Amino acid sequence: MSAIAASSTTTSISRPRMIVYIIAAAIALTGLADATYLTVQHFTGENILCGGSADCARVLGSAYSHLGPIPVAGLGVLAYYTVFSLATFAAFGHRRAGRLFVWVVCLMFVGTLWFLFVQAFLLHAFCRFCLLSAAFVFLLTGIVVAMPPPQDKDGTLD
Amino acid sequence: MEAMEVEAPPKTRRMAFVLPFIIVVLVGVITAASGIALYRAKLPAILEITGKGVGNNPNESVHVRGRVDAPVTIEEFGDFQCPPCGTLSGPIKQLEEDHKQNLRVIFHHFPLITHNHAREAACAAEAAGLQSKFWEMHDILYREQREWSKAAEARPLFNAYANLIGLDMERFKQDIDSEKVKERVSADQARGTSLGVENTPTIFLNNRAVEPANLNPEKLRGAVEEAIKAKTTP
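Residue numbers (our numbering), protein chains in the order written: chain A, 1 to 158; chain B, 1 to 234.
I should point out that these hints are in silico values taken from the structure, not numbers from a laboratory. If you're wondering where the values come from, they're calculated on a predicted model, not measured in any experiment. Just so you know, not all the hints are guaranteed correct.
Stated by the list, open to error - For the chain A half of the interface with chain B, some residues (derived, Cβ under 7 angstroms), not all of them:
| # | residue |
| --- | --- |
| 1 | L49 |
| 2 | H66 |
| 3 | T88 |
| 4 | R99 |
| 5 | W103 |
| 6 | A146 |
Claimed, not checked - If you want the ones that stay clear, here's a sample from chain A, every Cβ over 12 angstroms from chain B, calculated:
| # | residue |
| --- | --- |
| 7 | I23 |
| 8 | G45 |
| 9 | C56 |
| 10 | I143 |
The beta carbon of each residue, even a glycine, is placed where N, CA and C say it ideally should be.
Chain A extracted, bound-state conformation:
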């Protein structure tokens, strides 16, 4: 792998943006742990039992908790892993990763709003693990909104 190949896909990144991407990666990593836990619960069947929170059982055992055979938590794992990957690549100055990061976070934000609606108005129950995940997505969305704009070598906006 030559330095030329590397330079064609990466660029230098300002320190504030790098820090923001590292924070985003850390948040995504925490969300990944939460979603992994919920996915494991789905496959062990623990999510459809009562033993812990009744509201969690109601939410995680509902028809909205899976898309066919795929648990929504599994999609969460995929989404958080994607966000973590993109944030990591962006932090190292990979060109397209930053833009994709914004799009994936926006999609997750929309998805989170839908699941909050389902919990509040359709199931009338809130699962704390889902709320935690929603908090992570809101934080990521906040990061996207507050992200310092990229600047080129002359200090002008992209």
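Given the coordinates of chain A, work out where chain B should sit on it, guided by the hints.
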């Protein structure tokens, strides 16, 4: 111009190209490994009922629906305030109706401490049982679960259900708070605990616990029908 992006030397660029790949793959591997380890740790042990027949304890309540000599038995440890128990109650009743000759259902109380009205609901069902209307109360408690579960005071609703199924109200009001009823509920719970029951619903199909992942109406029906087929086919 503090935030200005500066051209990095080629060596740094090469590292910036490779390092994120390594980090991302590493995190992927760690996540998958942790998920698998957690899955193995959380996979519930398959419980079995061995040598502990129903009704050995004089305080124990035995509520059976279906033929006593049916070849297949469902023994459920349930909590009237548990939503998944409520979800399964209808399909189990349907199974009973579809397989009257081959299936019997036994219900045991296992009220969880996390459900504020669960023990009181179990006592209401037991009090109804003293007037031979346990199953009528069982069905109505599950059917109306959402209503009384959210109520601050569930007792007026339990009284209303008792009235609806035609109980002697004076006796019901005395029985629901009686020691006899409380002991029956506790005996059921003690039996469940001795078998290793921790969550609800825990369902034993011919003395072997159904895996939690199979506790949905379709899979339970499949398991019951398979058991009936195995017991009735010569």
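Please check whether the beta-carbon of A:G45 is more than 12 angstroms away from every beta-carbon in chain B. Label violated. Min Cβ-Cβ 3 angstroms, cutoff 12 angstroms.
Given A:A146 as an interface hint, is the shortest Cβ-Cβ distance to chain B below 7 angstroms? A:A146 check fails; min Cβ-Cβ to chain B is 14 angstroms, beyond 7 angstroms.
Restraint check, 7 angstroms cut-off on beta carbons, for A:R99 near chain B: 16 angstroms, violated
For the hint on A:T88, does the least C-beta distance to chain B fall short of 7 angstroms? Holds, about 5 angstroms.
Would you check whether the claim that A:I143 is not at the interface survives, using Cβ distances to chain B and the 12 angstroms cut-off? 16 angstroms, holds
Minimum Cβ distance from A:L49 to chain B below 7 angstroms? It holds, given that the least Cβ distance between A:L49 and chain B is near 4 angstroms, below 7 angstroms.
For the hint on A:H66, just tell me whether its beta-carbon gets within less than 7 angstroms of chain B. 11 angstroms, violated
Interface hint compliance - A:W103 to chain B, C-beta minimum distance less than 7 angstroms: Status violated, d = 18 angstroms.
Just checking, A:C56 versus chain B, shortest CB gap more than 12 angstroms? 10 angstroms, violated
Would you assess whether A:I23, listed as outside the interface, keeps its beta-carbon beyond 12 angstroms of every beta-carbon in chain B? 15 angstroms, holds
Of the hints listed earlier, those the structure fails to meet are numbers 2, 4, 5, 6, 8 and 9, in rising order.
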